[in-house]
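Novice: When you get a sec, could you build the whole thing from the sequences and use the hints?
Numbered according to the numbering used here, the sequence shown terminates at residue 1328, and the numbering increases by one at each position without gaps.
Not one of these hints is a red herring.
With a Cα cut of at most 30 Å, we get these calculated DSSO-like pairs of lysine-lysine:
hint: 1; residue 1: Lys-1159; residue 2: Lys-1013
hint: 2; residue 1: Lys-1298; residue 2: Lys-1144
hint: 3; residue 1: Lys-1241; residue 2: Lys-1071
hint: 4; residue 1: Lys-1144; residue 2: Lys-1245
Pairwise CB distance ranges, derived in the manner of DEER restraints:
hint: 5; residue 1: Lys-1290; residue 2: Arg-1225; range: 41 to 49 Å
hint: 6; residue 1: Gly-1224; residue 2: Ile-1265; range: 17 to 25 Å
hint: 7; residue 1: Glu-1274; residue 2: Gly-1129; range: 51 to 59 Å
No wet-lab data here; the hints were simulated from the structure. Quick reminder that beta carbons are idealized off the backbone N, C-alpha and C, glycines included.
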Amino acid sequence: MKEFFSLLKNGSRSALWACIINAVVATVKGIVFFITGNVAMFAEFMHSIGDSANQLFVYIGSALSKKEPTDRFPEGFARLVNLVLLGAVIVVGILAYETIVKGIHHIIDPPGSGSWLWLNIGVLGLAAVLEAFVLYKAMKEITADVEGEDITGFKIVTESFKNAGDAKPATKLVFLEDLVATSGALIAIIGILIGTFTPFHAAEGYASVIIGLMLFFVVGRTFLDNAAGILGISDEKMEGKIGEYVFEASRVKDIRDLKVIRQGQELYVELKIELDSEMTIKEADKIRDGIEKKILDEKGVTDVIIEFDQDDQVQNWNNPGGAT
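Specialist: What follows is the structure, given as structure tokens:
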């Protein structure tokens, strides 16, 4: 148990923040829904419940994935976070389905103009602000993970969208969910206003359906990303960067083979290099040490295997990562 709590200290902070805030928001939305019966509020209530539960699982999974390998599990627990996230999307999928069904019922049989207008608007407005705060924390984590520097100002928004695909699985899910949560709260507000002040009373139902469809987008994207993570996906961007490091060394002739496999949040590198046939073992070892150090300095790389071979006079390396 002591080890468990020690591991929790290394869990995704953005997921923990999101879990706490969404739990508070879900409680408030639930109370307001039972008072007002507003279908757009129901959609947001279900959304916040799903987000809070998911992000609790994500926080625990991201922490446990850092557990050291054991005799029973010699390859470690890096992929555990992917497995947890695959389970989490089931929860989101169920809630997305319920949200869409509730919205369709509202569209088919819309009630009259809504009541408790300002209570609904006030709660959703507060939720949008809180969700935006969590989204900002996730953006900070994405830019810190990818760029390795403290980015400030509006650039944090543009860089987070640009680099979201390279973020840690846990951080990416928090980013996607809170992006949908923030925009969903705004859509719900618009739906309530239209349903209240115009004859189009079904607007709240359409808002609920839109929110549900956005949740299904998160489900699909998260499932595909983490299924690939469990199988072990190659990281071509890192392969290109490592290719540059290799050819910076003198008397390296070619790269026979290079694999960078992402498992969870960790990267494993296997590299086979062709060297000048007249090179001594001592010189080769010095080159290997230099390349290995540069690779291990890259964030996320935990293991590097480098092998040597004689130059076969055939160029194999074609820089798949696109680095120049």
